[in-house]
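Chemist: Below, each chain spelled out in residue letters.
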Amino acid sequence: MLQGIPITSVLIVSAFMFFAGVCGFIIRRNMITILMSIELILNAVNINMVVFNKFLFPDQLQGQFFALFIVGIAAAEASVAIALVINIYRRLNSISVDKVNEMKY
Amino acid sequence: MNYSLTILILLIPFASFLFNGLFGMKLKPVIAGLIGTVGLGLVTVLSYLTAWQYFFVDGMVNGSFPKIIAMSMDWISFSDFLTVRMGILLDPISVMMLVVISTVSFMVHIYSLGYMQGEKGFQRFYAFLSLFSFSMLGLVLATNIFQMYIFWELVGVSSFLLIGFYYTKDSAVAASKKAFIVTRFADLGFLIGILLLSYFTKTFDFSALTGSDQSIFANAAGVSFLGMSVMTWAALLIFMGGAGKSAMFPLHIWLPDAMEGPTPVSALIHAATMVVAGVYLVARMFPVFYFQAPEALTVVAYVGGFTSLFAAVIACTQYDIKRVLAFSTLSQLGYMMLALGVSGYGGEEGVGYMASMFHLFTHAMFKALLFLGAGSIIHAVHSNVMQDMGGLRKYLPITHATFLIACLTIAGVPFLSGFFSKDEILVAAFHHDKLLFAVEFLVAGLTAFYMFRLYFNIFWGKEKHYHHTPHESPKTMTIPLMILAFGSIFAGYIPFSKLVTSDGIPFETHMNFAIAIPSVLIGLLGITIAWILYKKETAIPERISKSLGGFYTAIYHKFYFDELYLFITKKIIFNYISRPVAWFDRHIVDGSMNGIGWLTVTSSKKIRNLQSGNLPQYGMVFVLGAIILVLVFAFII
Amino acid sequence: MDIASFSLMRNELILVGIVLILLIAEIFTKKENKHKIITLGTVLFGVATLINFLPLAEGMLFGGSFQTTRMTMFMKSVLNLGVFIVFLQSVTWLKREENNEKISEFFILIISTLIGMNFMISSGDFLMMYIGIELATIPMAALAAFEKYSEKSAEAGIKLILTSALSSGILLYGLSFIYGTTGSIYFADCVVNINNNPLQTFGFVFFVAGMAFKISLVPFHLWTADVYEGAPINVTSYLSVVSKGAAAFTFMIILYRVFGSITKVWEPLLYTLAVATMTIGNLFALRQNNLKRFMAFSSIAQAGFILLGIMQGGELGMTTVVYFMLIYVFTNLAAFGVISAISEFSGKEEITDYNSLYKTNPKLSLILLLALFSLAGIPPVAGFFSKFFLFAAAGAKGYYILILIAVLNATVSLYYYLRVVKAMLIDHSDTPIATFKTPWPMRISLLICVAGIFVIGFASAIYEYISSISFGIN
Amino acid sequence: MALNVLMFYLLSAVIVICSILTITTTRILRAAFYLLCVLVATAGFYFMVDYQFMAGVQLVLYAGGIVVLIIFSILLTSHISHKFAKPEASRLIMGILVGASGFALSTLAILKYTFIPTTNPAMKVDMQAIGLQLLGTGKNGYVLPFEVISILLLAAMIGAIIIAKKGK
Amino acid sequence: MNILNLFVIIPVLTVIAIVFTKDFKGARVAAAVGMSLQLLTAIILVFSYFAQRKAGITGDFLYLSDYTWFKTLNIHYTVGVDSIAVWMLLLASIVVFAGIFASWQVEYLAREFFISLILLATGVFGFFISLDLFTMFLFYELAVIPMYLLIGIWGSGPKEYSAMKLTLMLMGGSALLIVGLLGLYFYSSAAGPVTFSLLELSKISFPIAMQRFFFPFLFVGFGILGALFPLHTWSPDGHSSAPTAVSMLHAGVLMKLGGYGCLRVAMFLLPDAAQEMAWIFLILTTISVVYGAFGAIWQKDLKYINAYSSVSHCGLVLFALLMMNKTSMDGAVLQMISHGLMTALFFALIGMIYGRTHTRNIDQMGGLMAVVPFLGVAYVIAGLASLGLPGLSGFVAEMTIFFGSFQHPDTFHRVATIIATSSIVITAVYILRVVGKLLLGQVREKEYLEFPDAKWYERISLVVLIVPIAMIGFYPSFLSSTVMVALNPIVERLTAML
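Residue numbers (the numbering used here), protein chains in the order written: chain A, 10 to 114; chain B, 385 to 1021; chain C, 23 to 496; chain D, 17 to 184; chain E, 493 to 990.
Wrong hints could be hidden among the right ones.
[Stated by the list, open to error] Dumping the calculated BS3-like pairs for lysine-lysine here, alpha-carbon to alpha-carbon at most 25 Å:
#1 B:K553 / E:K514
#2 B:K778 / B:K859
#3 E:K514 / C:K385
#4 E:K938 / C:K381
#5 C:K459 / E:K514
#6 B:K930 / B:K919
#7 C:K117 / C:K385
Calculated directly from the structure, the hints in this document are not laboratory data.
Based on the sequences and whatever the hints tell you, model everything.
Modeler: Structure, rendered in structure tokens:
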């Protein structure tokens, strides 16, 4: 409990965000929106990390730093992903995931 | 006295077999034949010497003829108590058999030099003959039942090889196969009998099994299976083996077909020696039968009696001379079996036993003679069928004379050997079972009838048109005929009851005229009828057969037993067992193996949509998997 | 903390150094001389590989964030060796006209992913582990899409980056709960607070899922086949051998070091995953015709076997897993080497293209045959030993039914390995792949692999060495 | 109700609603906007718990960097006016099912767990502390990840370049 | 050096030698030389082994030597032989030797052929000399795999299918084996360090629950190779598609690995469970015996006939083993040897006949005896051996089995024995059917008259097989008694629990 906010509420909000991201990953077709869903997921994780750090283990900053690095890596990931999306767009003239299923079974 | 030379009786034919078998093809046929013949001559000499030594030099010990084990060596040891030994057992019946076999075999060897001349595979023939002689001698000299079984099988295979000697002839191949399989089937019974016997007695040895000490059967006392005591089972199964070899009903079917073999072979194997192995087996095991399984002995008697009648009836209708002789052999073997079946044990009681052996001895002589004579006839006219013959007495004087002697002997004309031995059998039967006696009495008449039917048809009647004038056979063939004729006439004077008895103790026999005279009369009656019907060719037999109608046809077709067997083998075994088994194996057993493969491949196809190539679906499976695992491992377990 | 102690990071530092050298070289090399970078990169890396075989002390740096033991050193050497072989096998491919521009990038990307794996292996906290994983993954996506004019390659890249991003999300979510329930991201501090409350197990399972993605365990494997098929073949071999090996090893030591106290949770978990992985992997492999895809499913199935060793949880388990990986490196790279050589020469990658290969290229066929037999676990090649020992590890835990399932799966796998053998040796083709001469770097690589396949099984000393440096749950 | 609690619920509402909208809207640029809202709300939350540095990073890197990147790529690859078709029903159902069940499970796990805060005194979170830890080499020092992530960024950059650059 | 190592070294050297040969002629000469040496070694081993026994050297195994291999796992390379293994080695050497000559005319990829063949042989030899279950298993698998190539490349008919089926089924068998072996391995920890050593394991009495669990794995695992019903179906297809020498080796030796393994591993090490579960397998093997024989009657393809016959005969081996007394087990070993020789002879002959007629369908043949008497006579001898003619090895083996089995006190076992004995008649039926159709009667096709009789290499191959068949048939007691001695420890262990 921090300033009247129970930790569980925050965690539930982040959990919601997380699974919204997951849901988005599944129902979306556009690669960029899928990428956005992933950002939601990572953001949810960040909230968790920060919340745990702040609410439970404020003696160290591990959660916060973890979140910090996640942000950094997310950026790197996004940049490569976008490069790949653009690459796909050049090849197929579409960024729908339904188009990239040449390899299957 | 030392009988160590008896080993040569076995080794010589074996060596001759190996030599002719391995190198025969490189030799001149005659030389191969001579090797075999000389070898057998030596064996014959040795056999006679042994018999002389056994019966007359060493003679009885303590009033009975002893069982002498002349030689014995371990062959294989099954367990501490079951050891198979290869050895030589000399006792009255084995010595008697030694004489019979070597004599007949020697005759056949000589005879074949002429008869088989120019045949392809002459050397092979002699190799097989040597093999047969070896096996047959081994069989009779066996010291234990397992050794007997070994040689029993070898005899069977030699018979197979010899019947199928003309292997390019399909009928010969079929006959040899049939002979082998039927006897093999019977041997299965023999084997199981030995298994049972050895299981309870813990021994194979004849000396123990047939000795006076009955305590070895203690284990079997009171043990029964399906309502019969195990020893009865054992005895019956062993008898089954004997019945197979001796072609007792209903395992007789192979014997007529076995006539596809060369005629000397028929004479040797299917008349004089091998087929009596069954009789010999029962005689050998007689104390076991008598003391442990008297019910089995009754079965033996009735099977013997039935076979003799059955075969005699069929013999009356056959036209192939060898087949007539074959059925005659069956009939006579039935006699011998019956005699054993009705016999008691010891002294006078054992007259049936003695008679059986006696008849075996005389039968060997005259039946070999008949067959060899038939061979001589076939040699002359190149046909087996009596319709192709007639009036041959002019062309084949020696054959004719000897054949007539044989016919008279088998018909039981007094003072020929057959008369004496058959008389003893009738006596034994008369004392034991009147029904069997009646049957045998009838059979005696039938025998005389069909033999003379044969005789008249061949040597009398109208001359047929022959391709070339029939001529008498060469010396190599006629000399054996004459020797055997001599044997047929005089073998009856051997005092068998002094030599070969159930317990080795001699006894006196007396001519029972109350039985002998009617039996002679009925024999003469048979001859007369045959004379009337067949001396001149008349239409009477034709009419009789017509009037008998279906019955005659049934008899002619041997009561359809061949068809029955064909049905069992072809239809039941082949079509209703083997074929379903093969089908089952291919489709069910193998099918289930293939089914596993199919299942794998199919499930592989079915799940391919898991890998749809679609990214969101990958994510879904991923998360779903993780969630399910969480559910299971965090909340359920 | 002094400079000397940096020697603990010897391998990582050398690799970083090579990356820098290559960067500089790239800048100062003229266009027509670009191919010389191949030699430079390979040789430098070869030297690094050799250096890393030198013994090194054990120890830790950065307050436990970086830990090195003889085991991790050995594992790094194995990975180096694998990468070196991959480099040798890539030479011809890199010499292609269209790759001329990207040579140094290829080396840099591969080496940086290798650095990531090294850190992953040596990590002492979840943060380093995570960064290591990401470093090992993100450039990998670029590598998968390396042949950017190929649609398949592009598809492979996007599939890899998006699914791996999802998987790191899952992994991180799991880690957040582990952090929340244990209060630390340091392995050493976590251990004391590991119990199996639902939230922690939740986190743990998500963590396992994230790792399972990297090792491509069913049902987290779906990316594998597509990426393997689409990526350039040398990248595929790198992915299937080095990347997977590193992830599996990391997974194993984290299980041992951090989650050693809740074996009763992860043993059944791994049991389930192992059964699913082997079975599904095999079932899919049965039907494949593209060799790369085929090898992908094969490697999925192989990953299932690795779990058998991991489950054991003791020194035996670790030894067998590392031993398996060592052999797997040689075996799989031998197979991929042949596939790569043939693909490079003829562009053919279907199994049916290999019909009658033995007639035209007996040596390559034999090598592939050996490799496949080794994968199937047939004596006397090394794969037999490694597999048998893995089964033994499971046996030590009493999982006999699992062994049975595994061995039956191995039997199924034999079926499809034999399909390739059949194509090469039995099936007839009117237009077999023509006889050709393999370039020498490829030959050296294959030679190394074959030597490994033959020797490692029999040479018990190697096994004994691994055994001596292994550790289990304490 | 305290202001911060109210604030929290407000932010939560924004996060929840915008999350849903992000994944459901049919216009891609709007999706990006909703995502931005979520990220900003998150940053607001960080401010609330006194993690200003984190909040700053969130705003700069996430909201500023990544979202811009995304928008660029949207502009490169899509027409702004483009509307998505609704997702297929089956996929929608599965997605919602997976999301909902996952959410339910995690909520359950969170609710069942009693969180135990540490008893150690809280660390003062100021820029100096953060800076020291970021460059610290001992325990709770993050210089190594910091260095490694630089390699990662370099590699990602090279990777992105070779993928995205136009070939000859 | 231990002479037993030669059994592995010689084949390996031969393989290396073949690699360096230029063409098929060189390859076959190299193979023949190597395998002649091997045969020589085997003969020397037999003599020296029994000389040592005669000199009074005791111990269950002779020529023991032990090298630690994987120290931490306590895996050793341990070799040693008792008289069963000695005879098996001799059998294997003879069959391999004959097999090389029977495949004298292989020209297509001859080097590879001989290499695979000898690799297979290596596996077999290694299996028989091993006393460590790990190496035993290694050699076992080594023996199985070359089969795939041998059948797949040089076979005939639906060779790919057959080869695959055979390999997969046998590998399925070894899947069961692995479980069983590991069970033994880990449960051995009760008595010291875990071990694969047969000698060590044989001293342990495992808890009954463990035995119950693992015995079926081991028995069925080996049983598959021994053609245990209903897992025998690899055999007909496999044999019919395999090239001559492979059928010979496979039926002649490889299938014996199954029986030997059942005896040496499954029953020896897990005696209680063996006693307890014998009845289940006894039913299966009894079915095998009769079923195989009936199956053979219907077949038309010579190799199928022989394959089913092998199912029947090998069923008899397992049947006898399960009777678990010294005599029947002795019979089982004799049967293994005897069947090994005669089935190899059969397959050699079938191969030679096929090489001439290019068909194996008995309906399309006939009268070959007149054309190729040497082969014909050899075939008849093989047939007679197979149907159990006294004087040839089959008889001795079968009789020992029957008399041994019938000593069993239970009626169930004795009834099973009687059922099994009936196979001798059925065997006679199909053997005579084949002999009749194949060799006897009229020559069916004109072109058959042109066939040459056996060539010198064919004669070597046949004679080398016939001679031991006859030797065993004539003088079985040495073989039988030496085998009995070796069975002592096994039987003691099996009966100790009663």
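Chemist: Now look at each hint and say whether the structure bears it out.
Modeler: Evaluated hints:
Of the supplied pair hints, the one linking K553 of chain B and K514 of chain E is violated, its CA atoms being roughly 50 Å apart against a limit of 25 Å. Taking the CA atoms of K778 of chain B and K859 of chain B, the gap is near 18 Å; set against the 25 Å cutoff, the hint holds. The suggested pairing of K514 of chain E with K385 of chain C holds, with an alpha-carbon distance near 16 Å, which does not exceed 25 Å. For the proposed pair K938 of chain E and K381 of chain C, the alpha carbon gap of about 38 Å is over 25 Å, so the pair is violated.
Restraint check for K459 of chain C and K514 of chain E: the C-alpha separation of about 21 Å stays at or below 25 Å, so the hint holds. With a C-alpha separation of about 20 Å, the suggested pairing of K930 of chain B with K919 of chain B holds against the 25 Å cut-off. A distance of roughly 24 Å separates the Cα atoms of K117 of chain C and K385 of chain C; the hinted pair therefore holds under the 25 Å criterion.
Checked against the numbered hints given earlier, this structure breaks hints 1 and 4; the rest are met.
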